[in-house]
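Chains as they are written, first to last, in my numbering: chain P, 1 to 601; chain X, 602 to 672.
Simulated from the structure, these hints should not be mistaken for laboratory data.
The C-beta atom is built at its ideal place from N, Cα and C for all residues, glycine as well.
You may find that some hints are simply not true.
To be verified - Simulated restraints, written as ranges between beta carbons of each label pair:
#1 X/622 - P/452: 23 to 31 angstroms
#2 P/594 - X/665: 55 to 63 angstroms
#3 P/463 - X/602: 20 to 28 angstroms
#4 X/622 - P/56: 53 to 61 angstroms
#5 P/321 - X/615: 27 to 35 angstroms
To be verified - In silico EDC-like pairs for lysine to aspartate or glutamate, Cα to Cα no more than 16 angstroms straight-line:
#6 P/40 - X/660
#7 P/41 - X/665
#8 P/160 - P/95
#9 X/613 - X/665
#10 P/233 - P/320
#11 P/45 - X/630
#12 P/341 - X/648
#13 P/340 - X/665
#14 P/341 - X/640
#15 P/544 - P/510
#16 P/322 - P/30
#17 P/45 - X/648
#18 P/40 - X/663
#19 X/613 - X/648
#20 P/233 - P/150
#21 P/182 - P/157
#22 P/45 - P/260
#23 P/600 - P/360
#24 P/393 - X/660
#25 P/393 - X/630
#26 P/341 - X/605
#27 P/40 - P/294
#28 X/657 - X/626
#29 P/41 - X/626
#30 P/45 - X/627
#31 X/638 - X/605
#32 P/41 - X/663
#33 P/340 - X/640
#34 P/41 - X/660
#35 X/638 - P/510
#36 P/40 - X/665
Single-letter residue listing:
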Amino acid sequence: MIFTITLDRIKLIMVQNKQIPESIMRPYFEKMNTFGTEIKKGAIKRTEENVQAFIEAESQIDAAVDQVKNAGFSTEKINARGEMTVWQRLEYLVDEGTWTPLHTLYNPANNEEGTTNVIDGLGKISGKWAVIIGFDNKVMAGAWLAGQSDNILRVTDMAKRLNIPLVWLVNCSGAKLPEQEKFYANRRGAGAPFFRHAELEQMGIPVLAGIYGTNPAGGGYQSISPTILFAHKNCNIAVGGAGIVSGMAPQGGFTTEMADLLVEKAKENRAKPPGSVRTHYDGTGFFRYVFEEEQGVLDGLKDYMKDMPAYNPKFFRVAEPKAPAFPQEDLMRLLPMEQKKVYDFDEILARLVDGGEHSEFRPGYGPEIYTGLCKVDGFLVACIGNRQGYLGKDYPEYADYPGIGGKLYRQGLIKMNEFVTLCGRDRIPVIWFQDTSGIDVGDIAENAELLGLGQSLIYSIQQTELPMMLAVLRKGSAAAHYVLGGPQANRHNSFTIGTAATEIYVMHGETAAVATYARRLVKEKEAGKDLQPLVDKMNELAQKYYDTSRPLFCAKNGLVDEIVKLTDLRKYMQAFAGSVYQNPRSICPQHQMILPRIIKG
Amino acid sequence: MSEEILAPMAGKIVNIHIEAGQSVEEDEEIFTIEAMKMETPVFAPCDGKIRAIKVKVGDSVEEDALLAVID
Numbered sequence: 001m002i003f004t005i006t007l008d009r010i011k012l013i014m015v016q017n018k019q020i021p022e023s024i025m026r027p028y029f030e031k032m033n034t035f036g037t038e039i040k041k042g043a044i045k046r047t048e049e050n051v052q053a054f055i056e057a058e059s060q061i062d063a064a065v066d067q068v069k070n071a072g073f074s075t076e077k078i079n080a081r082g083e084m085t086v087w088q089r090l091e092y093l094v095d096e097g098t099w100t101p102l103h104t105l106y107n108p109a110n111n112e113e114g115t116t117n118v119i120d121g122l123g124k125i126s127g128k129w130a131v132i133i134g135f136d137n138k139v140m141a142g143a144w145l146a147g148q149s150d151n152i153l154r155v156t157d158m159a160k161r162l163n164i165p166l167v168w169l170v171n172c173s174g175a176k177l178p179e180q181e182k183f184y185a186n187r188r189g190a191g192a193p194f195f196r197h198a199e200l201e202q203m204g205i206p207v208l209a210g211i212y213g214t215n216p217a218g219g220g221y222q223s224i225s226p227t228i229l230f231a232h233k234n235c236n237i238a239v240g241g242a243g244i245v246s247g248m249a250p251q252g253g254f255t256t257e258m259a260d261l262l263v264e265k266a267k268e269n270r271a272k273p274p275g276s277v278r279t280h281y282d283g284t285g286f287f288r289y290v291f292e293e294e295q296g297v298l299d300g301l302k303d304y305m306k307d308m309p310a311y312n313p314k315f316f317r318v319a320e321p322k323a324p325a326f327p328q329e330d331l332m333r334l335l336p337m338e339q340k341k342v343y344d345f346d347e348i349l350a351r352l353v354d355g356g357e358h359s360e361f362r363p364g365y366g367p368e369i370y371t372g373l374c375k376v377d378g379f380l381v382a383c384i385g386n387r388q389g390y391l392g393k394d395y396p397e398y399a400d401y402p403g404i405g406g407k408l409y410r411q412g413l414i415k416m417n418e419f420v421t422l423c424g425r426d427r428i429p430v431i432w433f434q435d436t437s438g439i440d441v442g443d444i445a446e447n448a449e450l451l452g453l454g455q456s457l458i459y460s461i462q463q464t465e466l467p468m469m470l471a472v473l474r475k476g477s478a479a480a481h482y483v484l485g486g487p488q489a490n491r492h493n494s495f496t497i498g499t500a501a502t503e504i505y506v507m508h509g510e511t512a513a514v515a516t517y518a519r520r521l522v523k524e525k526e527a528g529k530d531l532q533p534l535v536d537k538m539n540e541l542a543q544k545y546y547d548t549s550r551p552l553f554c555a556k557n558g559l560v561d562e563i564v565k566l567t568d569l570r571k572y573m574q575a576f577a578g579s580v581y582q583n584p585r586s587i588c589p590q591h592q593m594i595l596p597r598i599i600k601g
Numbered sequence: 602m603s604e605e606i607l608a609p610m611a612g613k614i615v616n617i618h619i620e621a622g623q624s625v626e627e628d629e630e631i632f633t634i635e636a637m638k639m640e641t642p643v644f645a646p647c648d649g650k651i652r653a654i655k656v657k658v659g660d661s662v663e664e665d666a667l668l669a670v671i672d
């Protein structure tokens with residue numbers, strides 16, 4: 001009798017003899033521990049007001065977004081010219097349901113147009129994630145405005161950090177000349193995007209450009225600096241536009257005679273802006289393709305995106321994607337709009353990740369911080385967040401005062417340093433959630449090394465070279481806002497989102513008022529003066545802190561990259577996870593990850 | 602069967618959302634305690650009727666202090 005030994009038979013024998021576990025890594029990821037509980041009737045009843053508060057606050061954000069969408073000319077006017085608006089182009093270009101807008105309300109220079117004049121976000125094109133940005137051709141034909149180059153920096157940084165293509169919808173009339181001093185020059189001025197495109201390309205990240213309209217000067221370089229140019233038949237790109245061509249050498253001023261001359265020259269050059277398809281397709285060959293129809297340009301972009309390098313998700317998924325175990329609408333009940341109210345962060349996270357499953361790192365140590373592995377669309381992500389509420393007896397262990405969630409203490413800082421470092425080793429991207437009032441302060445805290453531990457965390461984060469994102473659920477304040485994955489404190493934050501409950505400030509306004517005026521209060525009081533004027537100043541300062549920390553202010557000034565609805569938080573996490581795993585720069589094999597084993601023990 | 606509702610932490614009672622004799626549902630907020638600049642809710646542990654309230658607004662309580670009894 002011939003007995004054939006197969007590999008499967010050998011494995012079966014070894015499993016039966018318990019020489020190997022039944023599966024190698026699947027138990028770590030396929031079904032993790034569940035967390036989160038269904039919201040009970042009593043909680044539903046008491047949180048109705050909170051839901052309404054979020055609906056109201058989110059509708060105010062929506063109204064601000066609508067203003068941006070309606071800036072400039074009407075859609076009808078643009079369409080009447082035979083052109084699509086940037087919004088219509090995006091709708092056609094981006095795979096349905098994947099558009100994840102960013103910087104919609106960003107307008108740091110307070111432009112009267114209400115926008116930086118670029119619209120951007122993450123989205124899939126032909127099934128592949130890209131960072132997508134377009135000039136708003138409804139507003140001054142897509143001119144350069146103040147704040148735009150900072151907006152573009154955030155966008156090019158995102159492409160860099162996520163290692164995914166950048167897709168441009170170029171339609172740029174160049175500088176808004178009457179305001180050039182606000183953006184033209186200076187280290188991060190309007191010329192910076194051109195070298196940022198070169199930088200991306202040097203890193204092997206392609207920049208695709210669909211080009212429409214007249215693009216002179218700045219618009220010319222916006223068009224030429226990407227990698228592949230898809231041109232609409234009516235577009236043109238040039239070093240200088242018709243307006244410059246018709247200009248004369250400076251004469252020290254203008255007269256009506258000169259104005260007559262200019263009228264003639266302008267009429268002559270209006271018909272023929274330089275750099276048309278004839279020049280740059282037939283002649284120079286800068287345009288790789290020319291399309292008859294506007295949609296043709298977008299089809300061209302879609303076609304190229306189809307062939308972009310991207311791993312099939314199955315390469316990196318640790319499990320099949322799973323919807324969260326609880327409805328997203330619960331989040332409006334779980335996150336109190338009222339900043340003083342505590343809540344259970346774990347319940348929130350359970351609604352954002354696949355299956356309400358997680359694998360928590362060091363539970364019970366550093367209770368003010370959650371650290372754990374979760375899945376988003378089957379991809380492994382590391383989640384870190386502030387827990388809230390009373391932290392129990394004898395915590396922090398180095399102090400004689402109680403600990404409260406939102407604050408950071410020694411154990412929490414140590415735990416985050418460990419977790420982040422191990423995430424770096426295992427190449428697990430990190431999603432941060434903030435609701436923090438700061439790091440513990442005072443001599444006791446200093447002796448507990450908190451200053452050093454906070455900076456250590458910044459060091460730990462920076463040395464991971466991991467892509468990260470941040471969601472500021474409510475408060476982002478003090479140095480804790482920096483060390484908890486803040487956008488300013490590392491090179492890895494790809495974007496930061498806030499909610500309608502977000503407020504970001506160095507400290508609470510009333511604390512700031514006390515810090516600013518306490519000594520003067522003492523002096524005035526000792527001098528027998530009326531304290532009311534100082535009290536008025538304190539109230540003014542507190543009010544100013546309030547006004548300059550609201551969600552709309554945060555979005556407008558770039559303290560966050562977008563204020564999102566609570567029910568959209570997961571969508572941004574999905575865009576992040578999908579993008580990060582599309583073409584990661586480095587890989588740790590799942591069976592060589594150490595974090596899951598450390599957690600299991 | 603009655604159950605004691607205890608303070609989860611030391612702090613000041615800033616809100617009492619119930620009255621003696623009132624019926625409550627599980628997880629309904631019945632007290633609010635303020636400590637360390639934050640407000641911590643105390644929830645009803647079960648459906649029931651409030652038999653007695655042992656504190657009033659403004660009282661300072663220690664951790665595990667008796668706040669109310671629920672039947």
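Right, here's what the structure says about each hint:
no. : hint                              : in the structure
1   : X/622 - P/452: 23 to 31 angstroms : 56 angstroms, violated
2   : P/594 - X/665: 55 to 63 angstroms : 41 angstroms, violated
3   : P/463 - X/602: 20 to 28 angstroms : 57 angstroms, violated
4   : X/622 - P/56: 53 to 61 angstroms  : 35 angstroms, violated
5   : P/321 - X/615: 27 to 35 angstroms : 44 angstroms, violated
6   : P/40 - X/660                      : 29 angstroms, violated
7   : P/41 - X/665                      : 26 angstroms, violated
8   : P/160 - P/95                      : 22 angstroms, violated
9   : X/613 - X/665                     : 13 angstroms, holds
10  : P/233 - P/320                     : 45 angstroms, violated
11  : P/45 - X/630                      : 9 angstroms, holds
12  : P/341 - X/648                     : 23 angstroms, violated
13  : P/340 - X/665                     : 22 angstroms, violated
14  : P/341 - X/640                     : 5 angstroms, holds
15  : P/544 - P/510                     : 10 angstroms, holds
16  : P/322 - P/30                      : 10 angstroms, holds
17  : P/45 - X/648                      : 13 angstroms, holds
18  : P/40 - X/663                      : 28 angstroms, violated
19  : X/613 - X/648                     : 25 angstroms, violated
20  : P/233 - P/150                     : 31 angstroms, violated
21  : P/182 - P/157                     : 22 angstroms, violated
22  : P/45 - P/260                      : 74 angstroms, violated
23  : P/600 - P/360                     : 9 angstroms, holds
24  : P/393 - X/660                     : 21 angstroms, violated
25  : P/393 - X/630                     : 23 angstroms, violated
26  : P/341 - X/605                     : 23 angstroms, violated
27  : P/40 - P/294                      : 53 angstroms, violated
28  : X/657 - X/626                     : 21 angstroms, violated
29  : P/41 - X/626                      : 7 angstroms, holds
30  : P/45 - X/627                      : 10 angstroms, holds
31  : X/638 - X/605                     : 26 angstroms, violated
32  : P/41 - X/663                      : 29 angstroms, violated
33  : P/340 - X/640                     : 5 angstroms, holds
34  : P/41 - X/660                      : 29 angstroms, violated
35  : X/638 - P/510                     : 12 angstroms, holds
36  : P/40 - X/665                      : 24 angstroms, violated
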